[in-house]
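Here the protein sequences line up with chains E and C, keeping their order.
Once you know that position 247 of the first sequence is 246 in numbering that gives the first Met the number 0, the rest is easy, because the numbers rise by one and skip nothing.
Once you know that position 97 of the second sequence is 96 in numbering that gives the first Met the number 0, the rest is easy, because the numbers rise by one and skip nothing.
In short, the hints are calculated from the structure, not lab data.
Errors might be hidden in some of the hints.
[To be verified] Subject to a maximum C-alpha distance of 30 Å in a straight line, what follows is the list of computed DSSO-like cross-link-like pairs (lysine-lysine):
1) C:K71 - E:K260
2) C:K82 - E:K177
3) E:K236 - E:K260
4) C:K143 - C:K82
5) C:K82 - E:K260
6) C:K126 - E:K260
7) C:K71 - C:K30
8) C:K82 - C:K29
9) C:K71 - C:K82
10) C:K223 - C:K29
11) E:K260 - C:K115
12) C:K115 - E:K181
13) C:K82 - E:K181
14) E:K181 - C:K22
[Said to hold, decoys possible] Listed next, the stretches of chain E that the computed footprint assigns to chain C, with coverage defined by at least 3 CB atoms under 8 Å from CB atoms of chain C:
15) 245-252
16) 255-265
[As the list claims (entries may be wrong)] Pair ranges (Cβ atoms, derived):
17) E:T194 - C:G231: 56 to 62 Å
18) E:I293 - C:H83: 58 to 64 Å
19) C:F118 - E:T194: 30 to 36 Å
20) C:G231 - E:I4: 55 to 61 Å
21) E:Y3 - C:Y14: 26 to 32 Å
22) E:N178 - C:L39: 24 to 30 Å
23) E:A128 - C:R96: 55 to 61 Å
24) C:Q2 - E:T194: 51 to 57 Å
25) C:G137 - E:K79: 56 to 62 Å
26) C:R134 - E:N178: 34 to 40 Å
27) C:Q19 - E:T194: 33 to 39 Å
28) E:I293 - C:S79: 51 to 57 Å
Cβ atoms here follow ideal geometry from the backbone N, Cα and C, with glycine treated the same way.
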Amino acid sequence: MKNYIFRRTFFDSFVFAYLAMILLVVAGRPTPEQMLNLGQNFLIFVIAMVIGAALSAGLNNSKNPAIHTLGEALFEPAYKKAAKAELPWYKTFSAWQLITFLVVTFVVGLNITKFSLTELLDEDGFAGAVRLFHGLFSPNFEILPKAVLNIIETIFMAFMATTLAIPVAFVLSFFCAKNIMKGPVASTVYMLLRTLLNFTRAIEALIWAIIFSVWVGIGPFSGMLALMIHSIASLAKQYSEMVETVSEGPIEGIQSTGATKLQTVWFAIVPQVILPYISFTVYRWDINVRMATIIGLVGGGGIGTMLIQYQGQAMWPEVGCIILVIAIVVWGMDQASAVIRDALK
Amino acid sequence: MSQPILSLRNLVKTYPNGVQALKGVSFDVKKGEFLVIIGLSGSGKSTLLRCVNRLHDPTSGEILFEGKDIAKVQGEEVRSLRKHIGMIFQHFNLIPRHSVLSNVLMGRLGFMSSLKSIFGLFSDEDKAKALEYLRLVGIAEKAKIRADQLSGGQQQRVAIARALTQGPSILLADEPVASLDPATCHTVMDYLKKVNQELGITVICNLHFLSLVRQYATRVIALKGGEIVYEGSPNDITEAWFEKIYGQGAKEVHIN
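Take the sequences, apply the hints, and build the full model.
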């Protein structure tokens with residue numbers, strides 16, 4: 000109940016403060032120095048949020064449902080919603096609040112991304128794009144042997160990253176499952192591991208690749224390590240979610256025989272999760288092949304590194320050949336992994 | 000007279016959400032008895048059985064098993080306690096993807112090292128024992144079949160064989176026939192009776208149906224709201240007692 004009030008107030012005041020800031024920028028025309036003054040701007044934002052919170056409380060405490068806010072409409076409990084009279088949307092404050100929010104955001108978005116039809120239809124620019132496409136669509140197959148060797152390297156990077164991640168993620172998954180980690184010590188370990196994994200996953204594989212290319216040098220090894228770290232975090236999360244959905248019955252059944260914790264996990268839980276585990280793992284390998292290509296761009300080795308070299312020299316026919324090879328392999332992996340996962344159901 | 004195999008002394012169980020499932024239950028179970036516990040859903044029957052083999056931790060009170068208080072034991076002692084207490088469940092709780100024989104062998108887990116069991120290194124002696132108990136419950140020919148391909152009644156018999164493979168001195172049965180059809184119901188109850196009479200294993204069984212109680216129990220305890228409201232011979236349960244246990248207007252249903 001309290002929770003709902005908090006969410007409503009936070010949502011409304013955030014939307015209000017966001018609109019207020021945009022109004023300030025448009026009307027006040029701040030200098031670039033003022034725009035960069037993070038501390039001061041943050042303070043203004045917080046003040047706007049306080050005003051927004053007061054507004055939200057004021058509007059929602061009114062008996063008239065027409066002036067209730069978007070936050071109220073989003074988060075109010077079902078029983079309150081049921082007690083209200085139905086109003087046409089255009090007569091409610093919340094609908095206009097939503098429309099204002101979306102329209103303003105769209106206009107600001109056009110501005111920030113410097114959206115420009117003149118640039119898009121500019122003759123010189125368009126001619127450049129045509130040259131590029133012409134190159135891409137007449138691929139230079141002289142470099143095909145090298146591209147094939149490089150994509151094999153990429154596939155193996157993905158394979159090794161997945162394979163090395165499996166045992167680590169497998170073990171971690173049980174320590175990250177709420178239904179296994181009961182008791183004060185266990186739940187602390189659970190919390191710590193969950194946080195660590197979430198943090199690891201929040202860092203993109205691309206960033207890990209940069210870190211490892213400094214650590215072990217540019218090449219497939221750093222790319223593989225980056226993918227491995229990312230795979231461990233992702234697989235452990237997916238695996239542990241499976242562990243959390245297992246049925247309790249077999250666990251009680253095995254426990255009642257006097258089995259140890261390890262035996263209970265092995266005999267009651269593992270048989271229930273093994274097929275989804277394999278399915279997730281195949282999918283992860285598929286994802287890793289695609290990610291390995293991107294990681295190659297920052298020096299992770301494989302086809303990505305080759306791609307960035309030719310792109311830097313604007314050798315479009317060669318780039319075309321590489322893109323074609325990547326597309327065929329990714330499409331093939333995608334199909335294969337879908338067929339295998341389907342068979343495992 | 001020999002001392003009881005199991006004695007509960009003022010057993011209390013309060014769940015973390017504040018529900019008092021058992022409000023001071025005391026009774027003795029003699030060796031070789033077929034004790035049936037009856038009561039409505041939520042009367043505390045399941046909680047009681049789960050406290051005995053410590054799947055649940057009792058809040059207070061004593062549980063004397065073969066003379067030793069096991070209400071507060073921890074870790075390794077809980078496991079060695081469970082080895083001597085077999086349990087079967089309403090939903091059988093087998094491992095669906097494993098074979099029948101492999102499920103029965105799980106009864107030996109408590110007696111071997113974790114590492115050995117993970118590699119499936121069950122001794123020939125264990126395997127022979129498992130097959131012997133599968134024969135006892137009449138489904139030795141299904142040993143190689145996956146457990147989830149059996150009918151409900153057959154699965155419950157596998158569960159009985161698994162519990163017997165532990166070599167228990169007590170068998171706890173939590174609503175063993177509640178998810179079975181009436182005909183299968185009697186088959187499973189007959190096997191429990193056989194276990195009780197031929198192997199001399201003490202049985203404590205939760206049941207819903209009074210007609211089954213009269214047929215199988217040597218003694219009855221009725222629970223209501225976590226307290227004992229009746230204790231005695233199954234033949235002494237009158238219509239009046241029945242109403243007291245199950246509430247006004249309850250009718251006895253016969254299963255044939």
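Here's how the hints hold up against the structure:
{"no.": "1", "hint": "C:K71 - E:K260", "verdict": "holds (19 Å)"}
{"no.": "2", "hint": "C:K82 - E:K177", "verdict": "holds (27 Å)"}
{"no.": "3", "hint": "E:K236 - E:K260", "verdict": "holds (21 Å)"}
{"no.": "4", "hint": "C:K143 - C:K82", "verdict": "holds (25 Å)"}
{"no.": "5", "hint": "C:K82 - E:K260", "verdict": "holds (14 Å)"}
{"no.": "6", "hint": "C:K126 - E:K260", "verdict": "holds (23 Å)"}
{"no.": "7", "hint": "C:K71 - C:K30", "verdict": "holds (23 Å)"}
{"no.": "8", "hint": "C:K82 - C:K29", "verdict": "holds (19 Å)"}
{"no.": "9", "hint": "C:K71 - C:K82", "verdict": "holds (17 Å)"}
{"no.": "10", "hint": "C:K223 - C:K29", "verdict": "holds (23 Å)"}
{"no.": "11", "hint": "E:K260 - C:K115", "verdict": "holds (14 Å)"}
{"no.": "12", "hint": "C:K115 - E:K181", "verdict": "holds (26 Å)"}
{"no.": "13", "hint": "C:K82 - E:K181", "verdict": "holds (23 Å)"}
{"no.": "14", "hint": "E:K181 - C:K22", "verdict": "holds (26 Å)"}
{"no.": "15", "hint": "245-252", "verdict": "holds (count 4)"}
{"no.": "16", "hint": "255-265", "verdict": "holds (count 8)"}
{"no.": "17", "hint": "E:T194 - C:G231: 56 to 62 Å", "verdict": "holds (57 Å)"}
{"no.": "18", "hint": "E:I293 - C:H83: 58 to 64 Å", "verdict": "holds (59 Å)"}
{"no.": "19", "hint": "C:F118 - E:T194: 30 to 36 Å", "verdict": "holds (35 Å)"}
{"no.": "20", "hint": "C:G231 - E:I4: 55 to 61 Å", "verdict": "holds (57 Å)"}
{"no.": "21", "hint": "E:Y3 - C:Y14: 26 to 32 Å", "verdict": "holds (27 Å)"}
{"no.": "22", "hint": "E:N178 - C:L39: 24 to 30 Å", "verdict": "holds (28 Å)"}
{"no.": "23", "hint": "E:A128 - C:R96: 55 to 61 Å", "verdict": "holds (56 Å)"}
{"no.": "24", "hint": "C:Q2 - E:T194: 51 to 57 Å", "verdict": "holds (53 Å)"}
{"no.": "25", "hint": "C:G137 - E:K79: 56 to 62 Å", "verdict": "holds (60 Å)"}
{"no.": "26", "hint": "C:R134 - E:N178: 34 to 40 Å", "verdict": "holds (36 Å)"}
{"no.": "27", "hint": "C:Q19 - E:T194: 33 to 39 Å", "verdict": "holds (37 Å)"}
{"no.": "28", "hint": "E:I293 - C:S79: 51 to 57 Å", "verdict": "holds (55 Å)"}
Comparing the model with each numbered hint stated earlier shows that all of them hold.
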